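Undergrad: Those protein sequence lines, which keep their order, are chains A and B. Every position in the first sequence, counted from 1, becomes a number in this note's numbering once 218 is added. Every position in the second sequence, counted from 1, becomes a number in this note's numbering once 969 is added.
Since the hints were made in silico from the structure, they are not lab data. Incorrect hints may have been included.
Stated by the list, open to error - DSSO-like, lysine-lysine: derived pairs with alpha carbons at most 27 Å apart: (1) B/Lys1103 x B/Lys1147; (2) A/Lys372 x B/Lys1239; (3) A/Lys384 x A/Lys225; (4) A/Lys569 x A/Lys520; (5) B/Lys1139 x B/Lys1239; (6) B/Lys1221 x A/Lys384; (7) A/Lys384 x B/Lys1239; (8) A/Lys274 x A/Lys372; (9) A/Lys602 x A/Lys256; (10) B/Lys1221 x A/Lys372; (11) A/Lys602 x A/Lys520; (12) B/Lys1139 x A/Lys512; (13) B/Lys1221 x A/Lys512; (14) A/Lys512 x B/Lys1239; (15) A/Lys602 x A/Lys536; (16) B/Lys1239 x B/Lys1036; (17) B/Lys1221 x A/Lys569; (18) A/Lys384 x A/Lys470.
Treat the numbers as computed from the prediction; the structure is a model and nothing was measured.
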Amino acid sequence: MIPFLEKLRSLFPPERIYEDEARLAPYVSDGLTVFRQKPAAVVMPIDTDEVVATLKLCHEYEIPFVARGSGTSLSGGSLPIEEGIVISLNRLNRILELNPDDRSALVQPGVINTHVSATAAPHGLYFAPDPSSQSVCTIGGNLAFNSGGAHCLKYGMTSNHVLGAKVALPDGEVVELGNDSLENAGPDCIGLFVGSEGLFGIALEIRIRLLSIPERFRTILASYDSLEAAGNAVAAVVACGILPGAMEIMDKLAIEAAEAAVSAGYPRNAEALLIIELDGESTAVESEFEALSKAIEATQAKEIRIAQSAEERLLIWKGRKSAFSAVGRLSPDYLVQDGVVPRSKLGSALKEIARMSAEAGLRVANVFHAGDGNLHPLILFDGKVEGELERAEELAGRILRLCLELGGSITGEHGVGVEKKDFMPEMFSEDDLDAFARIRRAIDPQEISNRGKMLPSSEAPALSSSGPHPLEKEGIISRM
Amino acid sequence: MANHPQTIDELRALVRDSEAVHIESSESSSPPLLPNIASISLSAFNRILEYQPEEYTITVETGASVKDVQATLAEQGQYLPFDPPFLDANPTIGDTIASGCSGPGAYRYGILRDFIIGLSFIDGYGNRIQAGGKVVKNAAGFDLPKLMVGSGHSLGILTQATFKVFPKPKANRSIEFKSDNLDQGIGRLIALGRSRFTLDALDMDSTGALRIELSGQADALEARISELESFLDSESQATTFDAWPDSIGLKKSPASGFLARVPIAPSSIKRLDQALQERPATRRYSLGGFVSWIHWTASIDAFSTLLGDQSLSGQIASEPSALIGQSNQRPFYDRLKRALDPQNKFPNLYPAAKAVGMPR
């Protein structure tokens, strides 16, 4: 380690290599604060040559590394490795090209998600993936964990919006994957790289797809007497053959918390709230809206509201996107899961979660992407109470197993990270995991790139104290 | 003689016990007759395994015909939004995934890789691997379903796939806009791509004529066409979307020559088209200008060089899905090949490596 650190110091000036306790402190955890680990050092490269040189050095000494953007991972995806280093990519934050005619942009990994849309907006374009942390999270992190958001139902996840990338493999070899088109020739290597949780190296330049800003939005808010009734309304919308941009449900606890936090004007007496948004060409949206309104009117909604202006629409979404951090105010600590169930099993999944929650004696709030069956149960607990963290962890595990039993997945958009890797053998067979491991070793024989994530059997970090992430305390990031 | 395994275990045994295997496709002329190469037909794996319309997903075996899958979906008012092409050749789902081909209708929501959410395959060790899942949203494990799109059975034999499907629009219309020349056509292609219009298909021929398909609620279509006409300041004509020469009609493989699928960006079309003008190449620019279909009737090597000079890559649309032009992904592909097929039992998509990959 010592000769490695000496060489590392020769690559970076002192202000861009952190080794002292104080400056390492912000890097010990990410958005999943129950895991903490101090790295040996943090480096902040300012160009791709420095990244590649760092990787070559890590390869030479077999030192594990973690690439990190803003550290908003909810699965511990950017948790440091003991005796390893963190490569902070925040300084690689330039949008290198914006090609309105080809509806694409070439960006460095440290570019903030919303900065892309802000830069593209004057050209009538935007970047579709919209994780709730989009005002701070980086494109590199979105790519590594295939981030989602409220509008995945129609537009897909990050991987549906990454066209290509120049990547540095863990031994420092630089390879181009994909291209600047929506199509590929040959195996979709960039499709594999996206969502590989940092196990294949570091994306240095990322070619992303931009979409035309929809001409028209229609956002409907409907309140219901039960979660089940809201779920049935989703089924009714699906049945009428319309594909909304987003369909979201919040339960009573989440509504109250969001209301207290941002005064979104949600009806307070509702047990469940359904948000449906149509987007697209005006003429088409208006025609769909008529059909959608009929479908919703036929459901047992207590109240139906339609956003009358862009401001009202944004307020509805502000409430939704702040729901998680808002619920967090109700409790000193919380865990969030993001398991997926088949849409038709939403009702039974929610009922079972409510039962498990009562059994565990822990409150669970639900905010979820109803359109694609992606749950976000939020388990409230107090880490200072002896045994509560363990009970919350156990409840979280039972919820994930429930998702698998119902034919779903352990994660819809947060990734496996360190948090859920023990559940991988329950979702995948030994042969599947063996193939994953072979692919991993073919790309990274030393297994130094983000070691300890996604794949089971790799060393697990110890659980330690909990509490909100520093950024979360300031209200900058939220969990969704 | 082709082998017709009836079970996954028989298929696994064939892979384990053969030096090399070849998967028959709906279009393969004659399988290679070299000894030790097991020619395999997946015709026994042709079932639709799970289909619940309210889930917007369907799980099928890869030997199932695309037409059968589409018919099943159509009964419930749904469809495969990536618009699988070459239907006259009656391809199987496996053929379509292996060749990586999507049709012009993919313009609206995305190509094949955007709709495949789960996959099973037999790797070079004869192991059955499952990746992805059956729910529309899933971030667990490596995204091997996407990787296998366009892989030509070179990293594994595809056996089962799950797709995300969408409700089929209630009505559609096809219209054509003539252009004065290719430049004007490209300009319009780009303008439409950046516009507020949501089109189902947007293709252009080498004269700059645009063929557009749009769909949605029937009562709005007429008004939307008028809006398109005023946007382009041009009259449209009703057309059938299929009005192409056979060789680039995407209904079946051309009788002679090669049909290649070349990913491109709209702003690069002009340069490519200029390079192809004096050559034996019929061109179709599809997917809003993000893919060119080129029917080439001279030497494949010359075509490959031409594409490489333009920094473009392409893939032959029919067997054996060979890659031509620039080969940037090669180092990454080689590593994956070592992981999944270390003994080179499956073909290699890169022609130069083929000699190394095939058994003596």
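Undergrad: Would you mind marking each hint as holding or not holding in the structure?
TA: Here's how the hints hold up against the structure:
| no. | hint | result |
| --- | --- | --- |
| 1 | B/Lys1103 x B/Lys1147 | violated (44 Å) |
| 2 | A/Lys372 x B/Lys1239 | violated (32 Å) |
| 3 | A/Lys384 x A/Lys225 | holds (26 Å) |
| 4 | A/Lys569 x A/Lys520 | holds (21 Å) |
| 5 | B/Lys1139 x B/Lys1239 | violated (36 Å) |
| 6 | B/Lys1221 x A/Lys384 | violated (35 Å) |
| 7 | A/Lys384 x B/Lys1239 | holds (25 Å) |
| 8 | A/Lys274 x A/Lys372 | violated (41 Å) |
| 9 | A/Lys602 x A/Lys256 | holds (22 Å) |
| 10 | B/Lys1221 x A/Lys372 | violated (30 Å) |
| 11 | A/Lys602 x A/Lys520 | violated (40 Å) |
| 12 | B/Lys1139 x A/Lys512 | holds (17 Å) |
| 13 | B/Lys1221 x A/Lys512 | violated (43 Å) |
| 14 | A/Lys512 x B/Lys1239 | violated (48 Å) |
| 15 | A/Lys602 x A/Lys536 | violated (31 Å) |
| 16 | B/Lys1239 x B/Lys1036 | violated (35 Å) |
| 17 | B/Lys1221 x A/Lys569 | violated (51 Å) |
| 18 | A/Lys384 x A/Lys470 | violated (45 Å) |
When held up to the earlier numbered hints, the structure conflicts with 1, 2, 5, 6, 8, 10, 11, 13, 14, 15, 16, 17, 18 and fits the remainder.
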